[in-house]
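Below, each chain spelled out in residue letters.
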Amino acid sequence: MTQQEFEQIAPEMRDEMLRIGRDFFGNEMDADDVAQEGLLVLWKMRERMEPDRRHTGLAIRVAKHCCMDLVRKRKRHENESLPSEGDTLRYEKNLSATPQEELEASELKNAVDMAISHLNPSERRLFEMRQLDGLSNDEIAQQTNIPKPSVKSMVSTARKKVFEELKRRMRQ
Amino acid sequence: MTYNETEQLIERYLAGETTPEEERQLALEVSRPDAPEDWKIIAEMLGTLTTDEALYDQMMESRRPVMKAKTRRVYLKWVWTAAACLVAIAITVPLVWSRQSTPDVVAYVYGQKVTDEDVVMEMMASTMADVLGNGSDVVAQDLEDIFGN
Amino acid sequence: MKRLCLLIGLLTMPLLVAVAQKNLHVNAIFEGKIIPKNRMVETLAKGESLEQYRLSYFRSVKMNVTDMEYTSIYELVTKDVGMETLAEDMEYGRDNDKASYFILHLPKQQKLERYLCYQCYEASRGGKNITLVYIEGKASMKELKKMFKKK
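Chains as they are written, first to last, in my numbering: chain P, 1 to 172; chain F, 1001 to 1149; chain H, 2001 to 2151.
Don't read these hints as lab results, they were simulated from the structure.
It is possible that some hints are incorrect.
Where chain F lies over chain H, by a calculated footprint (3+ residues, C-beta under 8 Å) [said to hold, decoys possible]:
no. : stretch
1   : 2034 to 2047
2   : 2057 to 2069
Straight-line alpha carbon distances no greater than 25 Å define the calculated BS3-like cross-link-like pairs of lysine-lysine that follow [unchecked claim]:
no. : chain 1 : residue 1 : chain 2 : residue 2
3   : P       : K109      : F       : K1113
4   : P       : K75       : F       : K1113
5   : F       : K1040     : P       : K73
6   : P       : K161      : F       : K1040
7   : H       : K2111     : H       : K2128
8   : F       : K1040     : P       : K152
9   : F       : K1040     : P       : K167
10  : P       : K44       : H       : K2128
11  : H       : K2033     : F       : K1113
12  : H       : K2111     : H       : K2062
13  : F       : K1113     : H       : K2111
14  : H       : K2062     : H       : K2033
15  : H       : K2138     : H       : K2098
16  : H       : K2128     : P       : K73
17  : H       : K2146     : H       : K2111
18  : H       : K2079     : H       : K2111
19  : F       : K1113     : H       : K2062
20  : P       : K160      : F       : K1113
21  : H       : K2062     : H       : K2037
22  : H       : K2149     : H       : K2098
These figures come from a predicted structure and were not determined experimentally.
Quick reminder that beta carbons are idealized off the backbone N, C-alpha and C, glycines included.
Taking the hints into account, I'd like the entire structure generated from these sequences.
Spelled out as structure tokens, the structure:
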């Protein structure tokens, strides 16, 4: 997607992200932070965003990620514990990772990115449509005109390839 | 979810059989602090967007029971406020309508209209304090320095 | 008759708003032609609500802009400042290339004082935050600074 194409869809995506931020934080300032960070994330992803498709679903996922990011940053800087909401053990781990844990996660992420880059273009496209856009097999089949059983098979092949490559790397 | 249930979900994930909803559930499971190595790989493959989406949904869901009671109280408060407003309007509209000038006070926050006069006037006062209060914070410079070529 | 006048007044309000700073180059910024309005925080006030400040008109826009967009805004702003501006009509300042501001005293119109205020500073998340304010009224800048002193 070119810069101009991105700028055309940015306002709609921004509105969606503002809405997510507002729902979560309940105030305009934080919602604006979410939308600004979110647009930046999407801008960096623009090359893999196909121009003839809607990306509001991706914008919503990115906005939710930015909400969690903001919570993590605040937790780190302000050193205050989150109110107990839901399963605290589960998400406090995610929201209060130490720098060491973050480094390990970053190395693993790089390894995953490398493994994805080794997939053939069709497998990579479908892998990313599941991982980044959060689309179901049905939705992918509709958007790509690939038959649903083929989508499932290709997604499975891609995932297994990435998984096996990562396991090999981790054994080294 | 038990260990075995998570393992089964991982198998289905690798087989391309899971729904986005199941993948979000899986993301939470494999992100546990005590997760084995294979689970960490799956967590990374699922990606930050899936994991954070699951966390977001979980946090929003956990707020809901509190919100319901709060929403009801807010609703009742607004019903009474609306009733009071109707009475006030019935008394004041004839007076207001006869006034010659109507103040125009409005704000647009990223396209969203705000007409509450107190809020808009506070925004105005805050903006004025900001732009007019620069003298003490900023060192004066020559005109050429800032706008010259 | 009064309702008709009010309706006419309401209908012509956008026109009156547009006329107020029509002759300024920065009008394009206020009108959302440089940065779209859904990326701005815009505040408009006129009439009785401003009487306490001895003002008759207030309009401001705040926005976060990229470096490229800043260039367009800077060009318009410098056109309104102009090299004919007298030193006594302008207050300006800069802080280490991270922030700059000016308060420009424009020529009077219909015996009303007019000011254009501008503030720009580096945003922590990137880009620049810009505030532009246009004011009309009877108050002097000295009075306004006293009234809107930072807390």
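Quick rundown of the hints versus the structure:
Coverage of the stretch 2034 to 2047 of chain H by chain F holds [criterion: at least 3 residues with CB-CB distance below 8 Å; count 11]. Check on the stretch 2057 to 2069 of chain H: 3 of its residues sit with their Cβ under 8 Å from a Cβ of chain F, so the three-residue criterion for coverage holds. Proposed proximity of K109 (chain P) and K1113 (chain F) is contradicted: the alpha carbons are some 43 Å apart, above 25 Å. Distance restraint check for K75 (chain P) and K1113 (chain F): the Cα-Cα separation of roughly 33 Å exceeds the 25 Å cut-off, and the hinted pair is therefore not satisfied.
For the given pair, K1040 (chain F) sits about 22 Å from K73 (chain P) by alpha-carbon distance, which is consistent with the 25 Å threshold. For the given pair, K161 (chain P) sits about 16 Å from K1040 (chain F) by alpha-carbon distance, which is consistent with the 25 Å threshold. A threshold of 25 Å between alpha carbons decides the hint, and for K2111 (chain H) with K2128 (chain H) the separation of about 35 Å lies outside it, so the pair is violated. Taken as a hint, the K1040 (chain F) and K152 (chain P) pair is honoured in the structure, with Cα atoms around 23 Å apart against an allowance of 25 Å.
The hinted pair formed by K1040 (chain F) and K167 (chain P) meets the criterion: a straight-line CA distance of about 11 Å does not exceed 25 Å. Proposed proximity of K44 (chain P) and K2128 (chain H) is supported: the alpha carbons are some 19 Å apart, at most 25 Å. Between K2033 (chain H) and K1113 (chain F) the alpha-carbon distance is near 19 Å, which keeps this suggested pair within the 25 Å criterion. A hinted pair counts as satisfied when its Cα atoms are at most 25 Å apart, and K2111 (chain H) with K2062 (chain H) does not qualify at roughly 28 Å.
For the suggested pair K1113 (chain F) and K2111 (chain H), the alpha carbons sit about 32 Å apart, so the restraint of at most 25 Å is broken. Distance check on the hinted pair: K2062 (chain H) and K2033 (chain H) sit about 14 Å apart at the alpha-carbon level, within 25 Å; holds. With a C-alpha separation of about 33 Å, the suggested pairing of K2138 (chain H) with K2098 (chain H) is violated against the 25 Å cut-off. The suggested pairing of K2128 (chain H) with K73 (chain P) holds, with an alpha-carbon distance near 22 Å, which does not exceed 25 Å.
At roughly 22 Å between alpha-carbon atoms, K2146 (chain H) and K2111 (chain H) fall within 25 Å of each other, so this suggested pair holds. In summary, the hint linking K2079 (chain H) to K2111 (chain H) is supported, as the alpha carbons are separated by about 24 Å, within the 25 Å threshold. For the given pair, K1113 (chain F) sits about 15 Å from K2062 (chain H) by alpha-carbon distance, which is consistent with the 25 Å threshold. With a C-alpha separation of about 51 Å, the suggested pairing of K160 (chain P) with K1113 (chain F) is violated against the 25 Å cut-off.
Of the pairs offered as hints, the one joining K2062 (chain H) and K2037 (chain H) holds, with about 10 Å between alpha carbons and a cut-off of 25 Å not exceeded. Taking the CA atoms of K2149 (chain H) and K2098 (chain H), the gap is about 23 Å. The hint holds against a cut of 25 Å.
Against the hints set out earlier in the document, violations occur for numbers 3, 4, 7, 12, 13, 15 and 20.
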